[in-house]
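Please arrange chain U on chain L, whose structure you already have, making use of the hints.
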Amino acid sequence: MKGRGSVEIRYLWVDLEEFRLCDINLDITDGEYFIVLGPTGAGKTVLLETIAGLHQPRKGRILLAGEDVTHAPPERRGTGFVYQDYALFPHLSVAGNIAFGLRLRRMGRGVIEERVTAIGRLLGIEHLLRHVPGTLSGGEAQRVALARALVVEPRLLLLDEPLSALDPETREALQRELGRIHQELGTTTIHVTHDFEEAVALGDRIAVLKEERLGDSRREGRIVQVGTPEEIFRRPANEFVARFVGVRNIFRGEALSEESGYKLVSLDPSAGSGHRGVEIVAVTELEGPVHASIRPEEVVLSREPLRSSARNAFRGQIVSISDRGTVAYVTVRIPPDFICMITRRSLEEMNLREGMWVHIAFKASAVHVF
Amino acid sequence: MRALFADKMRVSFVGLGSLLILFVAWPLLRTITASGPAVLWRTLLDEEVRRSIGLTFYASLIATAIAFVCGVPLAYLLARADFPGKRLIEGIIDVPIVVPHSAAGIALLMGFGRHTPLGKAFGLVGLKFVSAAPGIVIAMLFVSLSFLVNAAREGFEAVDPRLERVARTLGASPWRAFWRVSFPLAWRSILSGMILMWARGLSEFGAVVILAYHPMVAPVLLYERFESFGLNYARPIATLMILICLATFVALRLIAGRGEKRA
Numbered sequence: 015m016k017g018r019g020s021v022e023i024r025y026l027w028v029d030l031e032e033f034r035l036c037d038i039n040l041d042i043t044d045g046e047y048f049i050v051l052g053p054t055g056a057g058k059t060v061l062l063e064t065i066a067g068l069h070q071p072r073k074g075r076i077l078l079a080g081e082d083v084t085h086a087p088p089e090r091r092g093t094g095f096v097y098q099d100y101a102l103f104p105h106l107s108v109a110g111n112i113a114f115g116l117r118l119r120r121m122g123r124g125v126i127e128e129r130v131t132a133i134g135r136l137l138g139i140e141h142l143l144r145h146v147p148g149t150l151s152g153g154e155a156q157r158v159a160l161a162r163a164l165v166v167e168p169r170l171l172l173l174d175e176p177l178s179a180l181d182p183e184t185r186e187a188l189q190r191e192l193g194r195i196h197q198e199l200g201t202t203t204i205h206v207t208h209d210f211e212e213a214v215a216l217g218d219r220i221a222v223l224k225e226e227r228l229g230d231s232r233r234e235g236r237i238v239q240v241g242t243p244e245e246i247f248r249r250p251a252n253e254f255v256a257r258f259v260g261v262r263n264i265f266r267g268e269a270l271s272e273e274s275g276y277k278l279v280s281l282d283p284s285a286g287s288g289h290r291g292v293e294i295v296a297v298t299e300l301e302g303p304v305h306a307s308i309r310p311e312e313v314v315l316s317r318e319p320l321r322s323s324a325r326n327a328f329r330g331q332i333v334s335i336s337d338r339g340t341v342a343y344v345t346v347r348i349p350p351d352f353i354c355m356i357t358r359r360s361l362e363e364m365n366l367r368e369g370m371w372v373h374i375a376f377k378a379s380a381v382h383v384f
Numbered sequence: 045m046r047a048l049f050a051d052k053m054r055v056s057f058v059g060l061g062s063l064l065i066l067f068v069a070w071p072l073l074r075t076i077t078a079s080g081p082a083v084l085w086r087t088l089l090d091e092e093v094r095r096s097i098g099l100t101f102y103a104s105l106i107a108t109a110i111a112f113v114c115g116v117p118l119a120y121l122l123a124r125a126d127f128p129g130k131r132l133i134e135g136i137i138d139v140p141i142v143v144p145h146s147a148a149g150i151a152l153l154m155g156f157g158r159h160t161p162l163g164k165a166f167g168l169v170g171l172k173f174v175s176a177a178p179g180i181v182i183a184m185l186f187v188s189l190s191f192l193v194n195a196a197r198e199g200f201e202a203v204d205p206r207l208e209r210v211a212r213t214l215g216a217s218p219w220r221a222f223w224r225v226s227f228p229l230a231w232r233s234i235l236s237g238m239i240l241m242w243a244r245g246l247s248e249f250g251a252v253v254i255l256a257y258h259p260m261v262a263p264v265l266l267y268e269r270f271e272s273f274g275l276n277y278a279r280p281i282a283t284l285m286i287l288i289c290l291a292t293f294v295a296l297r298l299i300a301g302r303g304e305k306r307a
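Those sequence lines, one after another, are chains L and U. Everything in the first sequence is counted per the numbering used here, starting at 15 for the first residue and increasing by one. Everything in the second sequence is counted per the numbering used here, starting at 45 for the first residue and increasing by one.
Just so you know, these hints were derived from the structure itself, not from any lab. No incorrect hints appear here.
Chain L residues, not near chain U, derived (Cβ > 12 Å throughout): (1) R34; (2) H85; (3) H141; (4) L150; (5) T184; (6) E198; (7) R249; (8) E253; (9) R262; (10) I335; (11) T345; (12) K377.
Coverage of chain L stretches by chain U, computed from C-beta distances (three or more under 8 Å per stretch; other residues unrestricted): (13) 97–103; (14) 112–126.
All values derive from a computational prediction rather than experimental measurement. We treat Cβ as the ideally placed atom computed from N, Cα and C, and that holds for glycine.
The following block holds chain L by itself, in its conformation from the complex (with noise of 0.2 Å):
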């Protein structure tokens, strides 16, 4: 028996005027967070259309714990919608908004009251209830749009790019409230995102979209990879991935005690590496198993032991250099392994060779902690 949030899809072909998927194949566990991860476009979208209901697929199967709802209208899926913009009902209040689903379900007022209460408690909206949607905040109108996806008990989540159109604060919290409202009703959630830091921190994995334009105005979207974010990152399938990824230090790791305003975040070892991982300094509120992130260009390289206010130094090994023309990318085994991106004239005054000693550092407020 497949649990009752777990997703199926097999060849799905998707024809759409502007748009068409290719060949989509995923599986999905019960009470996954699973990411589709792409450039900005309409391939993502579709994609969960499609899954709603929303979009005839041309041919292919979706099941949703087992059960073949190819061509089943929206309405008998049992999902959860939440678009990017939150797509409120104007003409309803937040109760009205949540209770939606509900009312068609015919329910009882008394029920219908609790269950709105309930939701608005967990994703700390009660207080809104009456309120009308033209009057709350983006983060207020997500949490709402989410709290009326969920009351209902979907067995499947689909966010479709849930926290681009926040502020960057508002953003992180509802971020981390995702992942707490995940963990509290291990919903199967599909999250859809352009942005990599936020499927690394939400994502038990990703599959990366592809999209191509064909000759004629037209794009098609393929999936070309699915793993762990740690093996997306790592070991990228193709140079599509390796791009849009980026190249990064992302780390796993564990933020500890405070230090006059600054936290050590003791990081894991790569994988493989027998090692200890060492700690950083990091400025962050979280606390716990945290990740952290810091671009190569804020990592500073030397010869000789640096003497600089950056509060993060380390001496450790060079592993690889990798010469992008006028840059170059030098990875220095501490461990874990760092990325540093240094010109193409420093790489040559310094004389760089793998297996070389080397100094490293960069300022606290480089590290990017989430």
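Below, chain U without anything else, positioned relative to chain L:
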């Protein structure tokens, strides 16, 4: 930059625009003030006048109701669906606006006249159009349905289709998504289209006079009095019509406007 007289250009625009407003307002004002209350009261007591005004309002209301039942679904399709021949359908909707209304009357006579197939078929169920109230209704319907259909279509176009999609995923059938989301959101446009269509129907003369001179609607009665007895006998009816139409129009606008503020 919101001030009316901010610069010389705006001052001259105010002057030019005022000419047009005066052009409309002055004759109306003259007509309204020409007949004293006593004359108006006597006109209102005239059985024939009252009957024709009642008929006009009633026939236009029926025409609007028919257009509502068939036109709102059509408007929804035009807003949401793409199909071959869509441009043609949109063209047909707009035709009544561009043809002379007397020509529209002739066309209706060709379609629904006593000796035409449709006229005979309707005759079997007791509906006749020539020189009868149903003829007035279809004449009004023909010349004014564009207003309702176009307003409703614009209303539906302004509703984000994703709202309907969300409603579907939440468990709504297409019918329920329409009644609970699209229709309420487009309602204000539909209502204002209905008001416009109804008002347009009230004032119809050309098509009605060809299809059904009798029973007389108010514009026809007015014309007949003018032709037979002259200006002095026609004027009080004109005054009455203008006052009643203005009052209803303003009242309906106010009701619709209040709905807007609440939304």
